[in-house]
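Knowing the structure of chain A, use the given hints to seat chain B on it.
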Amino acid sequence: MNIVEKILARGSGKSSVAPDDVVFADVDKVMMHDVSGPGVIKVFDKLKKQGIAVDKLWDPTKVWVAEDHFVPSADKLSAENIVKLSNFTKQYGIEKHFKYGMGQYGICHTISHEEAMVMPGDVYVGGDSHTNTTGALGAFACGLGHTDIAYVLLHGNIWFKVPETYYFKLNGKLPDHVMAKDVILKIIGDIGNDGGAYRTMQFGGSGIDEMSVESRLTLCNMTTEAGAKNGIVEPDQKVVDYLSQRGATNFNLVTGDSDAEYSKIFEYESSEMEPMIAKPFSPDNTCVVREAPSVELDKSYIGSCTGAKYEDLEAAAKILKGRKVKIRTEVLPAAISIYQRAMENGLLKIFLDAGVTVGPPTCGACCGAHMGVLAKDEICISTTNRNFPGRMGHIESQTYLASPMVAAASAVTGKITDPRDLL
Amino acid sequence: MRGNIIKYPRDNIDTDVIIPGQYLKVHDYAELATHAMEGLDPDFHSKVKEGDFILSGKNFGCGSSREHAPIALSHCGIKAILALSFARIFYRNSVDGAFLLPIEIDQDAYDGISEGDEIDIDISTNEIKNITKNQTYKMKPFSDIIGKIIASGGLFKYKPDQD
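So the sequence lines, in the order shown, correspond to chains A and B.
Using this note's numbering, read the first sequence as starting at 1 and increasing by one per residue.
Using this note's numbering, read the second sequence as starting at 424 and increasing by one per residue.
Okay, chain A solo, but in the shape it has when bound:
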């Protein structure tokens, strides 16, 4: 069995599973945030009316909650959602609630790894499509909707069709000007935005071994944009070190068997990788930056679970150091812990000196919700993960997806720019 089959077999109490088997798997961790949480509360209200008991959760210690989409509260309704969420976590005894304005908080997927909320080998589900991110720690990490999360909160398990696995092998270390974001954009461009649909996308090979855990998180994050059920990397010493630095030591590393089966293997050479962008209006509409259209950008956005981890900010700072931005540029670290490190290590000073506005952690403009959305006809280069019509604001705005290095270089020139031109 491969790693996902082994995790799902353990979770469902079976000695083995194979693609297309339907299993009910026990869930080890479940997450909801200030959008899916109130959605789950609504499902609970419906269930109550149907006479289904919702007075206690299966295990509140396995549940954690983030405030990320509409914080700082964008308006009265989002403020009320936060109150609702707080009342819920209090009522049901959920202690791990990362609150805006009270120390560590941030985008749920970032909290999942910064706070070591998910362990290798876990069956982890979250009320957000980018739950796939955390597969980089070697967990089966999968996004679900409100009804399914409500079901998990009450039953502790949920059904899955065991996915077939596409294995993406990356050979060799990436060049310094190429980031994990470029690799995943290249892959999505190749297989299309339903190219991984219903499947696992697993990453391995010497290029992945060389990668930091944070880079692997970027890869797994955007498996969602290929329609994948989950993304995963087999855990290694880097994952062990990453988690132990965050106080987590009690876990088992699950890896695939030597005769593990994959339905398809894709092979990439790191040395051939180039800085990439995805043009509007789909993450699979990719090209190399060297062939990017010549457009006048209005904004550069360095934020989100995909593109505002510490190493993302470090990469952007490397470009922005001693330079000034030519277009409106925002950096929003994805969690307070990252914000703090960026402050301690001088990154925030580099950003502010360059003319960048540094904002609080939030999903904010990434999903067109608030805090810097785009006007009609505005064009943005962004380290986020989606560029559908209207995704970051007005339906006639445009978003180009790029790595933090490309977004920073483009902030300096006002045009889509290969970081090699500034390094």
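I should point out that these hints are in silico values taken from the structure, not numbers from a laboratory.
Values in this document were obtained by computation on a predicted structure and should not be read as measured data.
Note that beta-carbon positions come from the ideal geometry of N, C-alpha and C, so glycine has one too.
Possibly wrong hints are sitting among the right ones.
[As the list claims (entries may be wrong)] Distance ranges between label pairs, derived from CB positions: (1) A:E95 x B:S469: 45 to 53 Å; (2) B:G570 x A:G346: 57 to 65 Å; (3) B:D529 x A:K46: 30 to 38 Å.
[To be verified] Pairs of lysine-lysine, DSS-like flavour, derived with a Cα cap of 25 Å: (4) A:K326 x A:K279; (5) B:K582 x A:K46; (6) A:K99 x A:K84; (7) B:K571 x A:K48.
For chain B alone, kept in the frame of chain A given last:
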């Protein structure tokens, strides 16, 4: 189940156009319905009637896990989406929450069914009848678990232990 078709002949209708991100804070189902398809078709609300079906191409509902998407469509009266394929979270949200039926169709049905056609869907025989054009197509049968969850009326009414 009988209704009329609203056809969007394109692939990749994503959840951001079905219900834009600014409405994710809304959890009132009736209010969500008033914003359905706002990012794609400003005329949707003048067209849609109780019992209608949407017909579209590949990868319908791609993008976010927002359950707001099937909720908004179902509260406009949409009973089923007929599409060449579906994105996975939209598909399972539609079924597990018993909001609407995601029906996978083949290219013949996609090409043959037009805007406004009256359609009869029979999930017991996996047949789609085009009443307007007097044509019949096959739908892809639901997998075992999906069929059982639909027959139960959603995930919470499905009893896996009885299998």
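Quick rundown of the hints versus the structure:
1. A:E95 x B:S469: 45 to 53 Å: 49 Å Cβ-Cβ, so the 45 to 53 Å window holds.
2. B:G570 x A:G346: 57 to 65 Å: holds (59 Å)
3. B:D529 x A:K46: 30 to 38 Å: Once the Cβ atoms are compared, 35 Å apart, the range 30 to 38 Å for K46 of chain A and D529 of chain B holds.
4. A:K326 x A:K279: holds (21 Å)
5. B:K582 x A:K46: holds (18 Å)
6. A:K99 x A:K84: Holds, because 13 Å separates the two Cα atoms, which is no more than 25 Å.
7. B:K571 x A:K48: holds (23 Å)
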